[in-house]
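A.B. asks: Two chains, two frames, a set of hints: combine them into the complex.
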Amino acid sequence: MGGAALAACRLLFAQGPLTPQERLAVTIALAALAVLLCAPAVGSAYTISQLRDALLLALFALSLDYLWGRAHTLVLGQALFFGVGAYAMAIATTKLGWSTGAGIGLGIAVAVALAISSGYFLLFAGVRLHFFAILTMAMSLIAYQVIVSWSSVTGGDVGILGIPPITIDLFGIVYSTADETAAYYGALAVTSLMLLALWLACRGPYGHVLDAIGTNEMRARTLGYNTSLHLLIAFAVAAAIAALAGALYAAASGVVAPDLLGVLPSTEVMVWVAIGGRGTLIGPLLATLLVTQFGHAVSSYSTSLWPLVLGSLFVLVVFAIPDGLAALVRTAWQRLRNRRPQEAIP
Amino acid sequence: MSAALTVALNALTLISILALVAIGLAVIFGMMDVINLAHGEFVTIGAYTLAYVQAFGGGIPFSGAFWLGLLLAPIVGAAFGLLIEGTIIRRLYHRPLDTILATFGISLILQKTIELTFGARPQVVYAPVDGMVSLLGTSYPAYRLFVIAVAVLLIGVTLLVFRYTRFGVDLRAVIQNRAMAEALGIDAKRLTRIAFALGAALASLAGVLIAPLASVEAHLGTFYMGKAFFVVIIGGIGSVLGSVAGSALVGGLETILNYQIDPSLASAFVLVLAVVLVRLRPQGLVPGYSAAHHLLGKG
Numbered sequence: 018m019g020g021a022a023l024a025a026c027r028l029l030f031a032q033g034p035l036t037p038q039e040r041l042a043v044t045i046a047l048a049a050l051a052v053l054l055c056a057p058a059v060g061s062a063y064t065i066s067q068l069r070d071a072l073l074l075a076l077f078a079l080s081l082d083y084l085w086g087r088a089h090t091l092v093l094g095q096a097l098f099f100g101v102g103a104y105a106m107a108i109a110t111t112k113l114g115w116s117t118g119a120g121i122g123l124g125i126a127v128a129v130a131l132a133i134s135s136g137y138f139l140l141f142a143g144v145r146l147h148f149f150a151i152l153t154m155a156m157s158l159i160a161y162q163v164i165v166s167w168s169s170v171t172g173g174d175v176g177i178l179g180i181p182p183i184t185i186d187l188f189g190i191v192y193s194t195a196d197e198t199a200a201y202y203g204a205l206a207v208t209s210l211m212l213l214a215l216w217l218a219c220r221g222p223y224g225h226v227l228d229a230i231g232t233n234e235m236r237a238r239t240l241g242y243n244t245s246l247h248l249l250i251a252f253a254v255a256a257a258i259a260a261l262a263g264a265l266y267a268a269a270s271g272v273v274a275p276d277l278l279g280v281l282p283s284t285e286v287m288v289w290v291a292i293g294g295r296g297t298l299i300g301p302l303l304a305t306l307l308v309t310q311f312g313h314a315v316s317s318y319s320t321s322l323w324p325l326v327l328g329s330l331f332v333l334v335v336f337a338i339p340d341g342l343a344a345l346v347r348t349a350w351q352r353l354r355n356r357r358p359q360e361a362i363p
Numbered sequence: 016m017s018a019a020l021t022v023a024l025n026a027l028t029l030i031s032i033l034a035l036v037a038i039g040l041a042v043i044f045g046m047m048d049v050i051n052l053a054h055g056e057f058v059t060i061g062a063y064t065l066a067y068v069q070a071f072g073g074g075i076p077f078s079g080a081f082w083l084g085l086l087l088a089p090i091v092g093a094a095f096g097l098l099i100e101g102t103i104i105r106r107l108y109h110r111p112l113d114t115i116l117a118t119f120g121i122s123l124i125l126q127k128t129i130e131l132t133f134g135a136r137p138q139v140v141y142a143p144v145d146g147m148v149s150l151l152g153t154s155y156p157a158y159r160l161f162v163i164a165v166a167v168l169l170i171g172v173t174l175l176v177f178r179y180t181r182f183g184v185d186l187r188a189v190i191q192n193r194a195m196a197e198a199l200g201i202d203a204k205r206l207t208r209i210a211f212a213l214g215a216a217l218a219s220l221a222g223v224l225i226a227p228l229a230s231v232e233a234h235l236g237t238f239y240m241g242k243a244f245f246v247v248i249i250g251g252i253g254s255v256l257g258s259v260a261g262s263a264l265v266g267g268l269e270t271i272l273n274y275q276i277d278p279s280l281a282s283a284f285v286l287v288l289a290v291v292l293v294r295l296r297p298q299g300l301v302p303g304y305s306a307a308h309h310l311l312g313k314g
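Heads up: the protein sequence lines correspond to chains A and B, in order. Under my numbering, think of the first position of the first sequence as 18, with each following residue one higher. Under my numbering, think of the first position of the second sequence as 16, with each following residue one higher.
Hints in this document: simulated from the structure, not taken from any laboratory. In this text, a Cβ means the ideal position worked out from N, Cα and C, and glycines have one as well. Heads up, a few of these hints could be off.
Under 8 angstroms between C-beta atoms, here's a sample of chain A residues computed to sit facing chain B [what the hints assert, rightly or not]:
| # | residue |
| --- | --- |
| 1 | L91 |
| 2 | L139 |
| 3 | A142 |
Between beta-carbon pairs, the in silico distance windows are [what the hints assert, rightly or not]:
| # | chain 1 | residue 1 | chain 2 | residue 2 | range |
| --- | --- | --- | --- | --- | --- |
| 4 | A | L54 | B | L288 | 24 to 30 angstroms |
| 5 | B | I90 | A | T64 | 50 to 56 angstroms |
| 6 | B | L150 | A | I338 | 58 to 64 angstroms |
| 7 | A | V59 | B | L295 | 58 to 64 angstroms |
| 8 | A | S329 | B | L97 | 18 to 24 angstroms |
The following block holds chain B by itself, in its conformation from the complex (with noise of 0.2 angstroms):
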């Protein structure tokens, strides 16, 4: 009982981790038809500036760096997401393949700025609290548990703002249609500027929760960016639930299976799972009303 408390808890950390990476990622693939392989480095940009602001603050552990930290990450990363949006993205409108080919260069420029920056070494981050709490008859690290209930919180009111609020409802007009939105009087570049730097700033703060768990090196964003592409592909594009629906997925299987089989292994199985499931099921589990939909009618 108490090992499989574990490893659900283990799952969910993965699991919000995920979904507050793909979130910005499927918003803005559903809003624009531009995906940016530039986002994994704004989880990137979040654990380095809580690894620099701990390092300004005289590296001491337990210290109120963390809760700073915490607070300017989502600010620098919009703003880099900001000036990504403004600078490269806006420009390649209706070229989507060049999208991709620009933000790929950009990711590159980015990751290795940082590593010639900052070394290639990894950066030394502490979190905020230590030990194990005991829960229902395990003992299981607070800090793991504290990042869950942040993200958790987070997601909850991202959903929250999507269902209920009038930008939300702006959003998902945009992602449905988005030239009969602008018909309505949407301004549909000036919120997509928004969502942007909002999937940059929930990107960095997932990158500040997740520094104290991984190693804070320039190839961080990489490995959470490629497992966010099969959650937003699982999970449906333009569709917030939908990320949190594939991250389900994907986070819960590959962390059960890295008890069962070597870890490459088990995102090898991942891969295959998420190919078969988009010939299955195309529109994803939770689709978003997305024109990128088309794209997949196609064939």
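Just chain A, with the same shape it has in the complex (with noise of 0.2 angstroms):
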């Protein structure tokens, strides 16, 4: 049992020293962190809450990015355990009188559960790719008509109302997201541990066994690893994950409603990460910060504009970036590298 933890602990956690292009992930994470962390001190109020949101939706973003850019494993309606958490939230904490912690509790529980019993039957009957994408999709479907129709638990179209803020009361010290400031740097700190996290985990060995997985199973099966296990656990992170971020999305604006889990956010999530760059997680991470805003301005403009714009820019993305913002900055970088010693030399 110790040998497995260890044997665990050393698939997840053993790490070597920053490449070239990690030092360049990892300065662009900082100075984004550090715009992030002094926004308050100069953007408004209305500012500051849609940032937040942004955050959670970034969180959101993330367990995308780790099942599909790191273990190769598109899901078509991931915003299904977005609306999970989401929606377990606002019944535990108002039909059922729990507190915010539970909610967030029931709503990665209920996701981890939904992931587990559908990607059994899935993963380990082989179903990958194409397969798995649309059936996730279908779930999620399925999912927007049940939460419509079920109207005496999930308030039917309307949703439901008056979530509360979450406080935590540590010996006296009491944080609750009902304060603006508060509610943003938790989205902040939330977010960024995922991303630290995240990151620690994929750039270890754990990180190479799941390459391997999406770039050649078999190989990968034949080399000793429970590739479908590993698939199941992966689906199932991504699902708490996302959860997560649904829970805390709730709690942040207070209001729940279907379209948290119809097909629109499934695809916003997809464009995210797709124009952020698969599998390099500080990329979707910032680009859903920057699609939000941008897709805030052209609401502002004509709601019905919107999802136009959001299927040209899918359209856009497959055919003009397929590697996402992440590659174009590499390459830029990597020109000014080269350039660099050149120019030195006159």
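C.D. replies: Written out as structure tokens, the structure reads:
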């Protein structure tokens, strides 16, 4: 048992030195963190609440990037788990009278149970790639129908209002997301920590195992890895992260509605990940912040225009930048680095 | 007895429409390993073509406009199919996951363009025939019987073409082994283009047939596409007969369940069944010998 735990720790966290590419990513991440830390000092209350929502959506994007970018398993209906987390939070706090912490726990538990029960049947049957993607989309479509029609519990089309903010009382120090700035820093902290945890896990041997499964599953299995189990765990972990993001989002905004797990949020999260650059983690996170702001700008002009722009963005990304903005930044930086020594020679 | 007949006929309506939508999806999936997420939009395009033609004809019920719509819709659908195949799908060959993303984007663009052009309100369409027909002691809407008859005829013709003509043999050869078929002199690219256009035409026809029974909105196709995926996965990729068998299972079960429980619960139940069936029979009810089946054999 101890040996297995040790092996798991080594698989997850055996860390090597930073590669030049990683140094670039870390620099960008730290710069972004510095900007985000200072944002409440300059931004208006409205901008800060928008940024807070965007950070929680970025947490959601991280869940998909881990699954799609690292485990090479595309899920078209990832918003299903986000919505489950949000609705569990809403139902637990407003209907069952539970605490917000218990609400988060319920959301994660339900999402993981859904992921494991469906993933067991699909992944162990060898369902992969587009099959898996489409079946998850079907799952989210049906969950949407169930949420809309089961109005005694979910509030139907209207959703649920009046979800309380998260309050933690630790030895007299009270933290509450009722305060806008506190809520913002809370969202920033959770998202940054999740980014760090996923990045550390994926840059170690565990990431190599996932890459091996993604590039050639047959070979990975021949080498002795239980590939279906690895993918199932990744699916469940991604579901848990998405549910956490959903629960926090519900508590932050105070309302949930069926739109949270429709086709549009599932589509948006794929666009964020694809634009940011699959598998880079920091790319999708920053892309989420940028694209949601862009979305607000377009929506303020016309709400029905945004899905049209989103669809066009989708097609554009596939054809113009299949590897996302991260690849563009990387090549630009490499070109710059290669030129510098030559400039030094007169 | 008469109630059972009504249920059976209702089921048959859904089954025949589903099969029309699913056949194109299944054959394209089998030929190219590509799933077209914009396939549902062909249904919408068909329904809107009918609405447009009928509105153009003065909006008079029971006029000849329906027949013109029935004739025009597959042509419009096929044209859109050729456009999407030529501009998007052909360029993403060998990148199946990117095809999903691109066609997903196309689907969004088409839906929203339709909504912006025609407005969010449901379109008005008229059935060509009205009234009830008495049948074995029960009365049943004449238009639904017409839908079943047309759909069964079309599916029958498709099955025969697939089974007995040179074109059908070539299609099946490409589905079985694309490289070998090309080595034997079959122009697989041209065949794919034709199959894509025909699949789109069938889906558009299904759209025309369903339009008088449904609410014609921009999201009409999404509903049928979601179900058609189950049909293809349960029935077998690249198999026309599999699509029919899958439709019978999905459509039949859902119609019967709708009488007992809430419709969305019925859909959830059918999804669970599909997931379990995939585990038990990953190659589908009627395997189509598709290259895509290797994807299922991986795990």
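A.B. asks: For this structure, which hints from the list above don't hold up?
C.D. replies: 4
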